[in-house]
Each structure stands twice: as structure tokens, then as C-alpha cells.
Amino acid sequence: MKPHSPFAIDVPDSLIQRGKRGDRKAFEQIYRLFERPVYTLGLRLCGQPSEAQDVLQDSMIKVMTKIGEFKGQSPFWGWLRQIAVNEALMRLRRSSRGFLEDDVHEADLCDTVCLLPPQAAEAAQLVEALQQLSPATRSVLWLYHAEGFTHEEIAEQTGKSVSFSKSQLSRGTRKLRAILEPEQGLTP
Amino acid sequence: MNTRIELGQALRQLPLEAPASSLWPALQTQLPAQPGRGLWPLALAASAVLLAVLLQFSGAIRLPGGSDPDIQSAGADLASLIDSSARLENSFYALQDDDQSSATVIAANLGIEDRLQAIDAQLEVQPTAAEARQLWLQRIDLLNQGVALNRTNAAFKAEGDNFDLALASLN
Chain A
925 MKPHSPFAID VPDSLIQRGK RGDRKAFEQI YRLFERPVYT LGLRLCGQPS EAQDVLQDSM
985 IKVMTKIGEF KGQSPFWGWL RQIAVNEALM RLRRSSRGFL EDDVHEADLC DTVCLLPPQA
1045 AEAAQLVEAL QQLSPATRSV LWLYHAEGFT HEEIAEQTGK SVSFSKSQLS RGTRKLRAIL
1105 EPEQGLTP
Chain B
9 MNTRIELGQA LRQLPLEAPA SSLWPALQTQ LPAQPGRGLW PLALAASAVL LAVLLQFSGA
69 IRLPGGSDPD IQSAGADLAS LIDSSARLEN SFYALQDDDQ SSATVIAANL GIEDRLQAID
129 AQLEVQPTAA EARQLWLQRI DLLNQGVALN RTNAAFKAEG DNFDLALASL N
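Protein chains in written order, with this note's numbering: chain A, 925 to 1112; chain B, 9 to 179.
Since no wrong hints were added, every one of them can be taken at face value.
Beyond 10 Å from chain A on every Cβ pair, some chain B residues (computed):
hint, residue
1, 87
2, 143
3, 165
4, 167
5, 168
A short, non-exhaustive set of chain A residues, derived as facing chain B with CB atoms under 10 Å:
hint, residue
6, 985
7, 1096
8, 1097
Estimated spans, in silico, between C-beta atoms of each pair:
hint, chain 1, residue 1, chain 2, residue 2, range
9, A, 932, B, 39, 23 to 31 Å
10, A, 1045, B, 129, 48 to 56 Å
11, B, 168, A, 1017, 41 to 49 Å
12, A, 1017, B, 39, 24 to 32 Å
Hints were generated in silico from the structure; no laboratory data involved.
Bear in mind the structure is a predicted one, so any value in this text is a computation, not a measurement.
Using N, Cα and C, we set each Cβ at its ideal position, and we do this for glycine too.
Let the hints inform the model, and build the full structure from the sequences given.
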């Protein structure tokens, strides 16, 4: 079962139709509904609040200027999320910290269940640990686990291979374990 | 106890982050010019259904031509109607909490805002005194409904109840 994305918000069709007609109040409502999911995605993938703000701003401008292209064949939230993911990944690719890591193949540890030490339940500790991962590793972890994308979808969006996605997921989990439980952690 | 936690679950449980301040004020300056207000049949229908059900919840809603002595009395002049409308409008917008509201409530509020705009458009074309009075009464009635809607929604939230579920249970 795919995890429940924080983007999964039902948006009334009337609101979308009003947005298509350029109604600013409708846009404001859409902004308020998705402000936090988009900002959080930007922060998790790019790492810095200023970058997350840019992702939020650029994503919302695209949503508002391209809303006429939304055909309604899939949920609106999925369409909006794809715009936000593309914006965040484009920023990463443009930056020097992007997807430059070698395509290191590691054991495919995490296609099923990945267990972390109890410290992972502490939000502050987990966020701090995530910040210590490379943007590429953190992005794959987040897109896979929090947003429910498949390795194939992540590979397509990042312009990398499926094995790259699996490798980053495995590496990220091992690193998180090592950071959160250093005395028992595996060597990253 | 040393219970291990599944990674995906731990990530999904992280609270959503928010920017230090809303970007909306800056964003709206970058939007293309508004091509004009559209029609509002769907949002209006949602608000009509919601408001009809709300009648079962709250006696605070005043129906058109209702019995508010301050507003309905023959002596109520236009200035007092405008004043009442302004006070209610402040309350209507102050009570809206989109971060805590369901899409149903947001859609209902949007429907009310559309209807307010439709009334305002009629007020702008210099109606007769009698017509203006009727329009201001409609405006006040609509705002009363909006205030009641958001107060009820807030009351349900305060109690930890789900307003939408309560509405659904009445259907």
C-alpha cells in the first residue's frame, strides 16, 4: 500500500474551475491548502529554508499560471505535487550539491521494511539526522518513503537509474542508523 | 524498551514545516490580471447544502426576511444596515481558519464570498433606496450564515470533533 502523502488533500472541483478563470481568492485558497506540503517537500529535498521558500514560490506561480492545463484525469493534489517535485529537483540539479554522487551500488536493504532505532521517533533528532545526508540521498529517502514514489518514478524524475535510487535508499538508511545509533550503527 | 521504528513511518510522522511568513502577499503581485469573476454554481451548491444542514445545528442562522428586530424593523435605515454588514463581514473573515477547515467548509466560504460579490455588483449600479435596502438585508443575512458556519466549525474543532462527519451523519 502506498503511504499517505501530505499532499493528498481533496480540492473541490469548483475551486479548481475558479482558479482556471483566474479568481485570486481561489488561488489564495489553493495556496493555503498546499503551503505546508510544498514547503516541507522543498525543505526535505533542498535542505535550506531559503531554498524551500523558493520552491514554494516558484511551484505556486507555475500552478497558478498552468492551472488551465490541468485536465482532471488524476487528483489535483498529484498534479500540484509533481510541479513541486520538479521544482525542487531542478534546483538540486542546478546546484553544486545535486545528484553528483557516484552510482554506488549497495545491497538492496530497504525494499520492504527498514527499522531505525527508537531515537528516530524524536522529530528533532530525525530532522537533524536527515540534514546530515547528502541532498541526493535525502531526496530519494523522502520521495520513496514519505511521498510513496516507486524507484522507477524516482529514477525518471531525477534522471538517474533505478539502481541509483535503490542504492541511495539503502545508503541513506544505513547512514541514518549510524547517526541515530552510533554505537551500533553500520559504517556509512 | 528498545522498540525499533520503521523508517517510512518515522519520516511520515514528522510534522509539516511552514515558511516563516506567508508568501501569498508577494505571490499575488506576480499573478496575471484577473480576467473577471466567474460563475459560482458548484461552490454555491456546496454552501447551500451545508447551510441547510446547519439549520439543524444552530439557531443562530437568520433566514431571509427573518426576525432580527434590529435589522428588520421598518425604522432601520440604510446607514445602520451598512454598519451591521461591516461588523458581520469583519467577523466572517476573522472566524475563517483555512488551515483548520475542511475543503467542504472552505468551499462553502468561497460560495458565500461569491454571493457577496454578486450583491456588491448590484449595489454598485445605483439601485433605488428600496432595492438597496433589500440588497443590504440580503448581505447581512448571508454574512450571518457565514459567521454561523465558521463558529460551528470552530466549536466542533475545539471539541475535537469532525464537522464534516457530523454533517454526513445527518444526510
